[in-house]
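**Student:** Using the sequences and the hints, build the whole thing.
Residue-level listing of the chains:
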Amino acid sequence: AQKITQTQPGMFVQEKEAVTLDCTYDTSDPSYGLFWYKQPSSGEMIFLIYQGSYDQQNATEGRYSLNFQKARKSANLVISASQLGDSAMYFCAMREGRNFNKFYFGSGTKLNVKP
Amino acid sequence: DVKVTQSSRYLVKRTGEKVFLECVQDMDHENMFWYRQDPGLGLRLIYFSYDVKMKEKGDIPEGYSVSREKKERFSLILESASTNQTSMYLCASSFFGRGGETQYFGPGTRLLVL
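Protein sequence lines, in the order shown, are assigned to chains F and V. Each residue of the first sequence is one higher than the last, beginning at 1 in this note's numbering. Each residue of the second sequence is one higher than the last, beginning at 1 in this note's numbering.
One should not assume that every hint holds.
Stated by the list, open to error - Below, a sample of chain V positions facing chain F; criterion: calculated Cβ distance under 8 Å:
id, residue
1, Gly16
2, Phe20
3, Pro39
4, Asp51
5, Lys57
6, Asp59
7, Gly63
8, Tyr64
9, Leu90
10, Glu101
11, Thr102
12, Gln103
13, Tyr104
14, Pro107
15, Gly108
16, Leu112
What the hints assert, rightly or not - Computed beta-carbon distance windows for the label pairs:
id, chain 1, residue 1, chain 2, residue 2, range
17, F, Lys114, V, Arg110, 26 to 34 Å
18, V, Thr15, F, Pro115, 25 to 33 Å
19, V, Met88, F, Pro9, 19 to 27 Å
20, F, Ser28, V, Ser7, 37 to 45 Å
21, F, Asn99, V, Thr15, 44 to 52 Å
Since the hints were derived computationally from the structure, they do not count as laboratory data. Glycine residues also receive a C-beta, built at the ideal position from the N, C-alpha and C atoms.
**Tutor:** What follows is the structure in structure tokens.
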């Protein structure tokens, strides 16, 4: 089974609107971490947000929030008030394992923000 | 500003050569990582280190080794480069704070093995 599933290969959103990027994960480990990254066309990888499996509250970081639904194994990224500079690939990832040495990346969602 | 630097942006090597990729971070982070990114395969963890001289294998350690003699520097070594190691290599460092883990990436090294 896929450890990380991102079902939206591409998405469009109007500037200033909110957008949700989907991510589901699969693990039987009680301790894990979930990540979202942004990769613009220039190629650099930018960490956006982290959610620990024991965190009770959804993580937020500026315009980014992670909608963590543990029972559904879902970790969707919500970007509020989209900007043109948000156009990029977005990757969901999970770390698990005894020493947190198992790392799984999703296939990514390409977000295009329209003016 | 946190800075993670990698020794080269582009590198061309021949099969069989020993290759060193260097990564330096300036924020005293405990954790450092090496990933490779390939089209269709995404980002994969090669090794990480949670302290000086400590290392953990990631998902694809074969053909690679690492060295962390100083906290700020994490080196990835390709003992005998092969064409299937042609890839984009990304280094990262991280720390655990109140909000959980925060990671910072270097600009990447695009390695071509001929």
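**Student:** If a hint holds in the structure, say so; if it does not, say that too.
**Tutor:** Do the hints match the structure? See the list:
| no. | hint | result |
| --- | --- | --- |
| 1 | Gly16 | violated (28 Å) |
| 2 | Phe20 | violated (21 Å) |
| 3 | Pro39 | violated (11 Å) |
| 4 | Asp51 | violated (12 Å) |
| 5 | Lys57 | holds (7 Å) |
| 6 | Asp59 | holds (6 Å) |
| 7 | Gly63 | violated (17 Å) |
| 8 | Tyr64 | violated (14 Å) |
| 9 | Leu90 | holds (6 Å) |
| 10 | Glu101 | holds (5 Å) |
| 11 | Thr102 | holds (6 Å) |
| 12 | Gln103 | holds (4 Å) |
| 13 | Tyr104 | holds (7 Å) |
| 14 | Pro107 | holds (6 Å) |
| 15 | Gly108 | holds (6 Å) |
| 16 | Leu112 | violated (15 Å) |
| 17 | F:Lys114 / V:Arg110: 26 to 34 Å | holds (31 Å) |
| 18 | V:Thr15 / F:Pro115: 25 to 33 Å | violated (47 Å) |
| 19 | V:Met88 / F:Pro9: 19 to 27 Å | holds (20 Å) |
| 20 | F:Ser28 / V:Ser7: 37 to 45 Å | holds (39 Å) |
| 21 | F:Asn99 / V:Thr15: 44 to 52 Å | violated (33 Å) |
Violated hints for the displayed structure, listed by number in ascending order: 1, 2, 3, 4, 7, 8, 16, 18, 21.
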